[in-house]
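Sequence lines, in order, name chains A and B. Position one of the first sequence corresponds to residue 1419 (this note's numbering), numbered consecutively onward. Position one of the second sequence corresponds to residue 5 (this note's numbering), numbered consecutively onward.
Please keep in mind that the hints were generated in silico from the structure rather than gathered at the bench. Idealized CB from N, CA, C, for every residue including glycine. Be aware that one or more of the hints could be misleading.
Capping the alpha-carbon separation at 20 Å, the derived lysine to any residue pairs in SDA-like fashion look like this [claimed, not checked]: (1) K75/B to M5/B; (2) K75/B to S55/B; (3) K75/B to W62/B; (4) K351/B to H279/B; (5) K75/B to A1624/A; (6) K75/B to P1552/A; (7) K75/B to R1630/A; (8) K351/B to I271/B; (9) K75/B to P1459/A; (10) K351/B to L288/B; (11) K75/B to T1623/A; (12) K75/B to P1611/A; (13) K75/B to W1625/A.
Here are some, though not all, of the chain A residues that point toward chain B, as calculated from beta-carbon distances under 8 Å [claimed, not checked]: (14) L1494; (15) E1498; (16) D1610; (17) K1612; (18) L1613; (19) R1615; (20) L1620; (21) G1621; (22) T1623; (23) V1631; (24) L1633; (25) P1634.
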Amino acid sequence: MPAGTGAPACPNIGSPHAGRLATGPLELPEPPLTHTRFSAPRLALALLGSILILFIVGPLVRLLFMASPAGLGRALADPELQASIVLTVLCASAATAIAALLGVPLAYLLARARFPGRRLLQGIVDLPVVVPHPVAGIALLLFLGRHSLVGGALASAGLEFVSHVPGIVAGMLFVSAPLLVSGAREAFATVDPKLERVARSLGDTAWASFRRVTLPLAGRGILAGSILAWARSVSEFGSIVILTYNPKVASILIFDRFTAYGLSAAVPAAVLLLMVALAVFALVRLVEPKEQR
Amino acid sequence: MILLDGLRVRVGRFDLVDITFEVATGGYALIIGPTGSGKTTLLDAIAGHTSLLAGRVWTHGEDVTGLPPEKRRLGIVYQQYHLFPHLSVGENIAYGLRGQPIAGEAADARVQALAALLGITSLLGRGVHGLSGGEQQRVAIARALAPRPSVLLLDEPFAAVDPATRTALRRELRALHEAEGITTLQVTHDFDDALRLGDMVAVMADGRIVQQGRPEEVFRFPNSAFVARFVGTGNVIAGQVERTGPLEADGRFAARFVSGALELHVIAEREGAAHAVIRPEDLLLSAAPLPASIRNRIEAVVERVEHLGPVVQVQLAAGRDLVAAVTVATATELGLRAGVRVWLGLKATAVHLV
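Could you build all of it, start to finish, from the sequences and the hints given here?
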C-alpha cells in the first residue's frame, strides 16, 4: 500500500479511494520530507524536545548504572524478590487474561454495533484512566470488602480479595482493562465490515467469518493492547497498596524496602523491575502493526 | 433465476420501495441508478446482510428471504473488491471452497481453472497488496465464483478501474458469464454497462424502478424524461403536443410538437405537455435544403464540434439546443465548425414522445 501519499489518517472504512484495498491497518501519513536546514524556530523546537527526552532517558539510565553486577546477582538470588516478581507476573497475566476474555467481545460490540448508549459505554470503559489509583483502591476495597454486598457474597463462596492475591488481580484489572479494550476496539474498527460480509456470502457462519477474517486482521492490535495492559498491571502500585499489601508484588516490595532500609536496598529490585518493563516494551514494538509505530 | 418480489429496503433516511424484478436463469441483468441511490444497500439486502422491510427474495424457485447469507449461495463482488488482506491471491479465491463437498485437489483445480479463465494464474502465490484495480477485480470475481454460487451479485464492478481496463473487464465478464452460465445481477450507474452486458435492465429513480426491459428498448424508448436523460438517449426537449391529423386505428395521430421557436412534425398518442426524445444519430445534417420527403427540415447554426473518436458530436442552435452525431467523414465533407449554417432533417417517426 502506498505510504505517505497524503492518505487521510482515518480508519479507511468504506474508503472511497478507487483501486485501493479497502481495508488494512490504520495508515498514518508520513510527515512530508523537508530539508533539514538550519532555522531558529526549528532549533528552538529541537531544544525543547531534547530536554524532555533527556528527562525520560536520564533517570532510567542512571538507575540502570546504579546497580552493580554483584548487587544484581544478589537481588536475583533473593528469595523474597524472586517470589515477588513471580507473583507480579502471574497476577498481571491473570488480570490480562480476564480483561481479554471479557473485554474483546465488548470491544467488538463497541466497534461494530450501533446502539443507544454506545458512547456512554465507551466512556465507562475509559473511566479508570482518570481515577487516581489510590482512589480506585479505596473504591475496590469498599466494593469487594467482606462487609459489602458483592465482597461478602464472594467471600462466602471462598473468594477473598482484601489482603489476598485476588485483590492484586482486581486492582490490576481495574486499571489495565481500558487499555486492552481500546486497543482491541481500534483494531476491530480498522477491519472493514464488508470483508465479513464477503466471508459470509462465501459460506461462513458469523462465528467462522470472525475467526477466519476479523480476528486474524485485528489480532496484532489486540495482542498489542493486551501487552500494554499486562505492562500496566506489572507497574500497578496505588490500588494494590490499599487492597493487598501482603503478599507483596514487586512495586510494593520496592516501596517497602525503600521506606524500611533506604535507597541502596531498593535499587537492585527497582533495576530488575525496570528490565522486565523494558523487555515488555520491546515486545510491544515488535508486535505492533508497522504503520502504527 | 432470481426474483425480487416487492422489496422494501431502508437506505439511510429513505426507502427503496416496491423493487420487483426478475432475472432469468443464466441471464445478465442490471439495476441502474444514480450514485447514492442505495444500490449497494439493495445488493446487501438481496445477499442477506441487511434486513428487508418488506418483500421476498427467490433464487431458482426457492424462497431465501429468511436464510442467513451463508445459506443463500449468492456470490457478491463489491465495488472496492474487499480482498482479504491477510491471504494470498490463491487463498482468497479458495476461501469459499472450504467446507464444500469438494476439497483438496478438486478445490485446487477449481482455483486454477478460474485463474486461467481470468488470466491471473501468475498472481496466485502473491499477496493482494500492490495488485492493480483490474487485478483485484479479477481476483474478487474468481473468489465469488469459486464455490459455484447460484447467483452472482456485482456492485459497480467497473467504477474503480481506468477506461481501458473497463473495456477489457467488460469483455472478460461477458465471456465468463457465458462460460459459467451463472445468473448475474449487477448494479451500476453507467448505462453503457447495460448496453454492452445485459439482457435485462431496470432503471431506478427516487427509490423505485421506473422502467425495465431489454437495454436497447429502454435506450430507444425511454418512458420518461428522467430515463431518457439518465440513459443518455440524447436530446430531451420539453414542449406541447398539438393534434393536426385524424386519429388512426392504432390510437396515434399526426401532431405538431412545439417548444419555443422549435416546431416538429411528430406522431403522438396524446396531446398536451410532453418531452420529445431525439437520438443524436437520427438528426440528418446537410449543407443544402433537404428534400420534402423528410417531414422535419430545420435550419440550424453549429455552435460547437466535438470529436469523440469515430463519432463527431455537433451542438446546434435551432430554436432549441440540439445535439447531433455524425461520422468524421460527414463532418469533414460539410466543413462543420462553429458558426456554419446547416439544414437538419428528422423523420416524424424518429421523435419519441414521453
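We went through each hint and held it up to the structure:
1. K75/B to M5/B: Roughly 16 Å separates the two Cα atoms, so the pair holds.
2. K75/B to S55/B: Answer holds: K75/B to S55/B is near 15 Å, not above 20 Å.
3. K75/B to W62/B: holds, 13 Å
4. K351/B to H279/B: Satisfied, since the Cα-Cα distance of roughly 17 Å is no more than 20 Å.
5. K75/B to A1624/A: The given pair, whose Cα atoms are some 12 Å apart, holds under the 20 Å limit.
6. K75/B to P1552/A: Roughly 54 Å separates the two Cα atoms, so the pair is violated.
7. K75/B to R1630/A: Roughly 18 Å separates the two Cα atoms, so the pair holds.
8. K351/B to I271/B: Distance of about 10 Å is within 20 Å: holds.
9. K75/B to P1459/A: violated, 64 Å
10. K351/B to L288/B: It holds: about 9 Å lies between the C-alpha atoms, which stays within 20 Å.
11. K75/B to T1623/A: holds, 9 Å
12. K75/B to P1611/A: The given pair, whose Cα atoms are some 19 Å apart, holds under the 20 Å limit.
13. K75/B to W1625/A: Holds: K75/B and W1625/A sit about 14 Å apart, inside 20 Å.
14. L1494: violated, 41 Å
15. E1498: This interface hint is violated because 46 Å lies over the 8 Å limit.
16. D1610: Holds: closest Cβ of chain B sits about 6 Å from D1610/A, inside 8 Å.
17. K1612: Holds. Min distance 5 Å.
18. L1613: holds, 5 Å
19. R1615: Since chain B brings a Cβ to about 5 Å from R1615/A, closer than 8 Å, the hint holds.
20. L1620: holds, 3 Å
21. G1621: For G1621/A, the interface hint holds, since the closest Cβ of chain B sits about 5 Å away, which is under 8 Å.
22. T1623: holds, 6 Å
23. V1631: Holds, about 6 Å.
24. L1633: At 10 Å from the nearest chain B Cβ, L1633/A fails the 8 Å test, so the hint is violated.
25. P1634: holds, 5 Å
Violated hints, in rising order: 6, 9, 14, 15, 24; the structure is consistent with all others.
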